[in-house]
Amino acid sequence: MSDKTPVLEMRGLDKSFGPIDVLHDISLKVHEGEVLCLLGDNGAGKSTLIKTLSGVYQPTRGEMWMDGKPVSFANPREAQNMGIATLHQFGGTYPLMSIGRNFFAGVEPTKGFGPFKAFDRAKANRIAVEEVQKMGITRITDGDRLVGGLSGGERQSLAIARAVYFGARVLILDEPTAALGVKQAAHVLRIVKEAKRRGLAVIFITHQVMHAMAVGDHFAVLIRGAIAADFRKGEKTREEIADLMAGGESMADLEANIEGYMETRDGHPPPPAH
Amino acid sequence: MGRRTVGANGEPRALATETQTETKGHSLGALARRPETGSFIGFVVVFIFFAALGGPVFMGAPGWSSWLNIAAEVGIIALPVGLLMISGEFDFSVGSVVPASSMMTAMLAGHYDLPALVAICGGLCVGTAIGLVNGLLVTRTTIPSLIVTIGVMFAVMGLTLGFAVLIKGSTSVSYVPDPTTKFLLGQFINNMFNVAILWWLGFAALFFYVLHISPIGNWIFAIGGDRESARNAGIPSNRVTIGLFIASGFCAAFVGVVQVMTYQQAQVAGGQAFIFNSIMCVVIGGVLLTGGAGSIIGILLGTMTFAVVNQGVFFAALDPNVGSIIVGALLLAAVLSNDTFRALALSAATKKA
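Quick mapping for you: the protein sequence lines, in order, are chains V and A.
Residues in the first sequence are numbered from 1 upward in steps of one, following the numbering used here.
Residues in the second sequence are numbered from 1 upward in steps of one, following the numbering used here.
Since the hints were made in silico from the structure, they are not lab data.
We treat Cβ as the ideally placed atom computed from N, Cα and C, and that holds for glycine.
One or more hints might be untrue.
Claimed, not checked - Chain V is faced by these chain A residues, among others (derived, beta-carbon under 8 Å): (1) 215; (2) 225; (3) 340; (4) 347.
All chains should be modelled from the sequences, with the hints used to inform the complete structure.
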């Protein structure tokens, strides 16, 4: 797989806001049909990296390549037109709008002629339901239903189905499972796998190691804006990854510290360190 | 946007045609989930209440004309204000646009003796310009529209008063329109029904097309639902917002022009009632205060409900203070019932298949 040209490649990406360096020398690549998991604690620079990839920010230094050609995005729209779809948690869905209207927000199918264009509700509903079902959500059968009545996982799936339908090639998922229960998260992970099976390159951002290990082919751990580890599936255990995310500090040591503290102080946990 | 088929293996296309065959018709349950149901019930209840109290006079032409005349004036403003609210914005400036535009019209035609058409265009331009200023301020700054439009309202109020006193030396200007202008904008049909009622219905049809038929309606709902996502989806949210503010400025100015033609006089004060009345009509009509939901039929029903209460009080020979209490209670009841119906619409979608 690695001999093929990656769909999206970052080469020595730096991003600073004034004197503050947020990203430092990020080099990553993601291929078709591959899931790249970006792991990192809060403040590690994950969101800045996503925003740089989706055209919200421009890198200070370094290059982005798509299909072996250097690219640069002046704004999110350009990134989208190149096939980079970024989905934030619950983003891209409007609870009080119908599934069909949600699916085509911004790119409404119309009928009629001249200036008197009409939103083609039947067509919108039909395609939306069809595409969502293809992603494996068979419970959705009526495009007139309001999205607010769907579960969190179904809403995520709707957003992913939408991105796939509109020709996304790189799917950037920002913490899609963070606020979901176990079942709902499993649901979203299935959709991620389906997207991968269809040949999309997926960048999956999370701080839940279990979720990452369930779908990931390739992992990168971000610490303070730099890549602390870059490895492929099966090269590291869950504990090792968790330790890496905690900034090199071993989780086992941390746990031992807390337990030791609690034993000597009538079961009170230690005050948070600053 | 070109659609690209992703995936190596062909997906079964037949799947879609089968799932679509079970689209349900307009059942009673579906009707109860329509956003207008709450407003419709409210209107019927209020109408029956005042019909019972007001008797045959209220049910006759005098009653109908009195509340329809009120409904038309506030309704023309409530329509764009409702659209703005659906998109998540408020417009308080309408309260000073009405007198500003009527002053401009009366001043141009009555004081400077310019043709009526020029004066009307002048009046409408005032509203359009104020709408544009509102839209630009709201989209270019981070100030909430509530604050922006309150600020603009006071500024326009001051300017109107200042210019009126400066030019005319008085706070009111009179103007007697020519018969054609009067016929089009200020006539009372049968000496009772203001021609503005027809304009109101015309505006309603136009806004119905924009919100419910054209793709722009979808943009308005999306912007109100989640502005960030809407922008990410490629919806020109700033242009839509500015357009809606211009529409509300224009409509408020239109009402100002109609007032000059109807009452043959323009006053610097007297538009303030439109601010809360228009918002009340919109909210009674089921528009969500925080944006993202609402309908034109709802806004029409809300406007009618408001007007019936407003005028019904006189026909029912109630104390006007009681009327205010009813309006207040109605507003709370409307919001509560609209919330209930909205929750119903959402839960109906979650039923297990």
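Checked hints:
Taking 8 Å as the C-beta cut-off, the interface hint given for residue 215 (chain A) holds, the closest approach to chain V being about 4 Å. Look at residue 225 (chain A): its Cβ gets to within about 3 Å of chain V, closer than 8 Å, so that hint holds up. Interface restraint check: residue 340 (chain A) against chain V, minimum CB-CB distance 15 Å, threshold 8 Å, status violated. Hint on residue 347 (chain A) holds. Least Cβ distance to chain V is approximately 7 Å, under the 8 Å limit.
Checked against the numbered hints given earlier, the structure breaks only hint 3 and satisfies all the rest.
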